[in-house]
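Since the structure of chain A is provided, determine the placement of chains B and C on it from the hints.
Chains as they are written, first to last, in our numbering: chain A, 1 to 132; chain B, 1 to 142; chain C, 1 to 220.
By construction, these hints were calculated from the structure, which means they are not laboratory data. Fair warning: there could be bad hints in the mix.
Capping the alpha-carbon separation at 25 Å, the derived lysine-lysine pairs in BS3-like fashion look like this [said to hold, decoys possible]: (1) Lys32(B) to Lys128(B); (2) Lys31(C) to Lys128(B); (3) Lys109(C) to Lys59(A); (4) Lys111(B) to Lys110(C); (5) Lys94(A) to Lys31(C).
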Amino acid sequence: MKVVIMGCGRVGARLATLLDKEGHQVTALDNDTYSFRRLPPDFGGTALLGNGLDEEALKRAGIEQADAFVAVTQGDNRNIMAAQIAKHIFKVPKVLCRIYDPLRRDLYSLLGLEAISPTTVFAQMLKEKLKS
Amino acid sequence: MQFNKILVPVAGTKADEEAMELACTLAGAKNKGLIFAVHVIPVERSLPLDSEIESEIGRADSILAHTELLAQEQGCRIETDLLQAREVGPAIIDEAIEREVNLILIGVSYKKHFGQFSLGDVVPYVLKNAPCRVILYHQRKS
Amino acid sequence: MYIIVVGGGRVGYYLTKALLSEGHEVLMIEKNATVSKTIADELGSVCLHGDGCEAATLDGAGTARADMLIAVTGDDEDNLVACQVAKHKFNVPRTIARVRNPQHEAIFKKLGIDVTVSSTNIILEHIEHEVPSHPLMHLLTISDKGLEVVEIKIPAGSASVGKTIKELSLPPESILSLIIRKERKPIVPTSNTILKAEDQVVAVTPPESEDALRAALIGR
Numbered sequence: 001m002k003v004v005i006m007g008c009g010r011v012g013a014r015l016a017t018l019l020d021k022e023g024h025q026v027t028a029l030d031n032d033t034y035s036f037r038r039l040p041p042d043f044g045g046t047a048l049l050g051n052g053l054d055e056e057a058l059k060r061a062g063i064e065q066a067d068a069f070v071a072v073t074q075g076d077n078r079n080i081m082a083a084q085i086a087k088h089i090f091k092v093p094k095v096l097c098r099i100y101d102p103l104r105r106d107l108y109s110l111l112g113l114e115a116i117s118p119t120t121v122f123a124q125m126l127k128e129k130l131k132s
Numbered sequence: 001m002q003f004n005k006i007l008v009p010v011a012g013t014k015a016d017e018e019a020m021e022l023a024c025t026l027a028g029a030k031n032k033g034l035i036f037a038v039h040v041i042p043v044e045r046s047l048p049l050d051s052e053i054e055s056e057i058g059r060a061d062s063i064l065a066h067t068e069l070l071a072q073e074q075g076c077r078i079e080t081d082l083l084q085a086r087e088v089g090p091a092i093i094d095e096a097i098e099r100e101v102n103l104i105l106i107g108v109s110y111k112k113h114f115g116q117f118s119l120g121d122v123v124p125y126v127l128k129n130a131p132c133r134v135i136l137y138h139q140r141k142s
Numbered sequence: 001m002y003i004i005v006v007g008g009g010r011v012g013y014y015l016t017k018a019l020l021s022e023g024h025e026v027l028m029i030e031k032n033a034t035v036s037k038t039i040a041d042e043l044g045s046v047c048l049h050g051d052g053c054e055a056a057t058l059d060g061a062g063t064a065r066a067d068m069l070i071a072v073t074g075d076d077e078d079n080l081v082a083c084q085v086a087k088h089k090f091n092v093p094r095t096i097a098r099v100r101n102p103q104h105e106a107i108f109k110k111l112g113i114d115v116t117v118s119s120t121n122i123i124l125e126h127i128e129h130e131v132p133s134h135p136l137m138h139l140l141t142i143s144d145k146g147l148e149v150v151e152i153k154i155p156a157g158s159a160s161v162g163k164t165i166k167e168l169s170l171p172p173e174s175i176l177s178l179i180i181r182k183e184r185k186p187i188v189p190t191s192n193t194i195l196k197a198e199d200q201v202v203a204v205t206p207p208e209s210e211d212a213l214r215a216a217l218i219g220r
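Okay, chain A solo, but in the shape it has when bound:
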């Protein structure tokens, strides 16, 4: 599987590493090269400097051939916009994005984006831990 990951923060870098180890073709896109320090030295994928909201940068990252696109930058709105570009402009078959704000996640889920809110997931997890 060919995957483009936008945002090479803790989550993005970790996901890139996991997928790379499983033998997938991974491109990590970030607008700060400093973020790529989080990738392991033996990372076999591509690390690319670029703005994930820019069509040219996305094309350079190979979005046109990608099977999946994951948006995990720090900004909810950046993730939302990038995910919509991937889904509606480049027709990437599988698009995932992170939206911290639960209300915004709910709205965009209704609009057809596959989005995950770590806020909701983590709060739920803590609650379950407290109860057990």
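For chains B and C alone, kept in the frame of chain A given last:
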């Protein structure tokens, strides 16, 4: 010191009543000074500014009627006014300018916000922007 | 009209002032508390402190009764989300977004934003007007009909000079509506009108036929 036009914002609290009594004393009986009692209904943005919120208007009318009675008992001249605004502070200031009052007298009760003593938003706004003198009649911590 | 402006930067500030002076009910939403306070001090109770992309803030702003929402923050993604939330959650009839990256205009339209304004493109259009050598100028865009009004100056040496309009291979969707000739009255062309060098032709065309139209008129 003589104040012949006094603006008293009223919200229906005990502090307002006492502030009103003080206003009457300052205005002086025998028809010397004039008191304007004003109640401001804050209208939330989901409604047009001129919408008629029955419950609020009913409450405001009874507050103003009660205030008027208080002043008349003291033998004071009073006019009442009901305003609708997005924010209370600016409405009070606009009224003070329009009526050309020379004193704004506000009753304040001791309030806590998130566990801390707080004057709220209105009083600081009035103090900052008032075109005339301001007296805060602050009730002690009960 | 009740108009909500998201973003209290320079654009938002002057826009709010202009809309207020036209007599509209306007509310500006600004994320930065200090900026919001400064604007409220100057313009009165027309500024709300909050995140204009957040449904809760927009709810408090009474977005459900707004006739229009205009997002003019400095970030394209924030403008997109503010407009989409307004449109899909609060059914605001008209949403307008400012775009910084001119490429995003097309994307925003695809994603359902009614109107986009790109300052870069506006400046480019003005430059086109100011540079007389440019053979094709955009006079007007009728976006909801997918048409543009353009002006084309026929340079001497074009293959079209001396030909009647019916002899040209014009794209079928493009219509020549006016010919302005030096020191003569403008004429409404017929199929037998003969083009001359230096004619200024005003045409109505869909943007996608623009290149074909240009080729038919000024190709050598």
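For each hint, the structure was consulted:
1. Lys32(B) to Lys128(B): Given that 25 Å is the threshold and the Cα spacing comes to 29 Å, the pair is violated.
2. Lys31(C) to Lys128(B): At roughly 24 Å apart (the allowed maximum being 25 Å), Lys128(B) and Lys31(C) satisfy the hint.
3. Lys109(C) to Lys59(A): holds, 20 Å
4. Lys111(B) to Lys110(C): violated, 52 Å
5. Lys94(A) to Lys31(C): Not satisfied, since the Cα-Cα distance of roughly 33 Å exceeds 25 Å.
In summary, the numbered hints that this structure violates are 1, 4, 5.
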